[in-house]
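S.K.: Here's the letter readout for the chains.
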Amino acid sequence: MSEAGSAALWLGIVASGLYHGINPGMGWPLAVAAGLMEKSPRALFGALLPLSVGHLLAMLLVLLPFALLMVLVEWQRQIQAGASLLVIAFGLARLLNPRHPRALARIPPTQLGLWSFAVAIAHGAGLMILPFYLGLCQPPGIHDGHAAAAGVVNQNLAMALLVALVHTAAMITAGGCLAWLVYRYLGVRFVAQSWFNLDTVWALSLVLVGAVALTINLAGWH
Amino acid sequence: MTMRPDPTFHASPKLAMEAPPESFAYTLLLSPDFSKPDALAVIDVKPGSKTYSQIVHTVTMPNKGDEFHHFGWNACSSALSPLTGHAFVERRYLIIPGLRSSRIYIVDTKPDPTQAKIHKIIEPEEVFDKTGYSRPHTIHCGPDGIYVSTLGGGGKDGTKGPPGVFIMDCETFDVLGRWEIDRGPQTLHYDFWWNLPRDYMVSSEWALPPQFENGIVPEDLLGNKYGHRLHFWDLRARRNVQTIDLGANHQMALEVRPAHDPVREYGFVGVVVDTTNLEGSIWTWWREGGKFHIEKTATIPAEPAPKEKLPPLLQGFGAVPPLVTDIDLSMDDRFLYVSCWGTGEMRQYDVSDPRKPKLAGSVHIGGIARRTPHPNGKAFTGGPQMVEISRDGKRVYWTNSLYSSWDDQFYPDGVPGAKVMANVGPNGGLELARDYFVSFPDGYRAHQIRLEGGDCSTDSFCYPSVWN
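Top line first, the protein sequences correspond to chains A and B.
All residue numbers for the first sequence refer to our numbering, where the first residue is 1 and numbers rise by one.
All residue numbers for the second sequence refer to our numbering, where the first residue is 1 and numbers rise by one.
For the record, the hints were derived by calculation from the structure and aren't laboratory data.
Glycine residues also receive a C-beta, built at the ideal position from the N, C-alpha and C atoms.
Hints should not be assumed to be uniformly reliable.
[Said to hold, decoys possible] The list that follows gives simulated cross-link-like pairs (lysine-lysine, DSSO-like), each with its CA atoms no further than 30 Å apart: (1) Lys356/B x Lys39/A; (2) Lys394/B x Lys50/B; (3) Lys39/A x Lys394/B; (4) Lys110/B x Lys160/B; (5) Lys39/A x Lys358/B; (6) Lys291/B x Lys39/A; (7) Lys46/B x Lys120/B.
[Claimed, not checked] Restraint-style ranges between C-beta atoms, simulated for each label pair: (8) Arg102/A x Gly316/B: 49 to 57 Å; (9) Arg102/A x Arg198/B: 54 to 62 Å; (10) Asp108/B x Arg102/A: 20 to 28 Å; (11) Gly377/B x Arg99/A: 31 to 39 Å; (12) Pro108/A x Arg355/B: 49 to 57 Å; (13) Asp112/B x Phe196/A: 24 to 32 Å; (14) Arg198/B x Ala103/A: 19 to 27 Å.
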């Protein structure tokens, strides 16, 4: 892969992180509420930690199985195409039914990590970065043998961890900055002012990411 | 589904207070002899308007005998809960349960309150089948749906199984099912409310249907058989975590009013009558060290009255009990309004120190023995009952009917529907507005009031107020 291609993929991972971070559905208003309820900035930053851990785990839950799958060298393109289709399908499903699973409403406000994990899964946040990740996975040579395959698995796992960490760091930086601005300067009025209905945009983002990845994949096939 | 949060949703109570004042008030009308269908009246409350203090629109229901009592919105400020993050529902539909019929009407108030119309009717069978409860009463808009408390269980007289709370979808209005997972010792129900970020709910007790539908049962009251306990719940776990008995003589613990600011972990409940001395009382509950506590913080004595001024029910006592039937807390949690339906008084307590309420204002109007007329000269029968406070705390509205069959026992001469308003002084004090007096069509009584854009017994908040 070219350096430019690789840089574009990393940019996508960071950009999706910033996008998730400013989305109120991914939790920054919880950090504001925590800071205000405890009257302490420390509580605000304290809430960011479980929010990021939950998000990180949700990313890994999606990426890790693919890290293992990618060892099936001869199926690599099919796996990538299948992943793209999965992302598109999830986006379309969110478009057709924008409502959220009722189970989310049962998570108590004290379980921020669990909440963050569950909303990221329910929204397909991990799926959004999956095509970027697959693009970064190093394709092994066809005849490299088992030892090399094991090396590739390790490389893929390490890459999954790195991608999830970079994405989550971008997400919590954006969300944390926004939470701090609202808490310290803008006031809670901004909570309602800042909320746009991103459901459709979010679903379309999934479809778009999946479609672009699928197009690149198919173009490379021929 | 909207693109932006509803402009009437507010993150904190302070922001709700700063919002534009109400232009319309919705009031439920009931036909006490069931000869006419119940109705929703839309009243113009915009000062200076040509139709100020008049009914400008009426939504008449297609059935008779529903007995409207309380009602509420499909969605409110709780939709801004940070746990939801998708506040794209509208405060648009009024959920109006028939307390006697168990039928629920959904009334659409858009595009304009003066064009409100029925959007959907949920027949009683759906409520019975999906919940096993009957006689829906209090409506609260939660972040995850509409919560409805019921007064009756299953069976014809509502005594088969305990009453409880069920949930409705806030967009489709489907009845989703029972809320409780573990009700503990709770067997009676009346009001409920919550603190959303602190994740607890508080519920109160009135009575089972045979104890109220055909009038108050004096033997049950004197036998202390009406409700006298408060239940505290883990809201998300849907579990009763604590029950406190106020003492059997404290009959009928009704309205539950938690502080609006979610950092304040206290609230109030009103007790209708103490059977040892007929006084009414206000109780303050609070949470400390993970446990709930409660104490009686204000009492209102009965007033002696000559026998000829009393209905048969009270003649043996020679006194009028205050009958604390509704209370309401201002948005800044400063003033608690207390309806004394028997003695005909609206009291205003300063509850800045919640465990030491101080009487700050009072007006007399109506009353069993006093029968105080409105300052504009018009007769006001019944007494102050359902009370609602404007978001900015400057106006307090109330109506005069309690419940069809009970009205007849305490006010045998009838309770023609009336609604009045009092202005609140900047540091307390109450004065009835001479130019606000709503008369309702003949044969109707007036019950709960809801204000356009939310009021002090509707909205719950997930962010504390930041006072500068």
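S.K.: Output the numbers, in ascending order, of every earlier hint that fails for this structure.
M.R.: Going through the list in order, the structure violates hints 4, 9, 11, 12 and respects the others.
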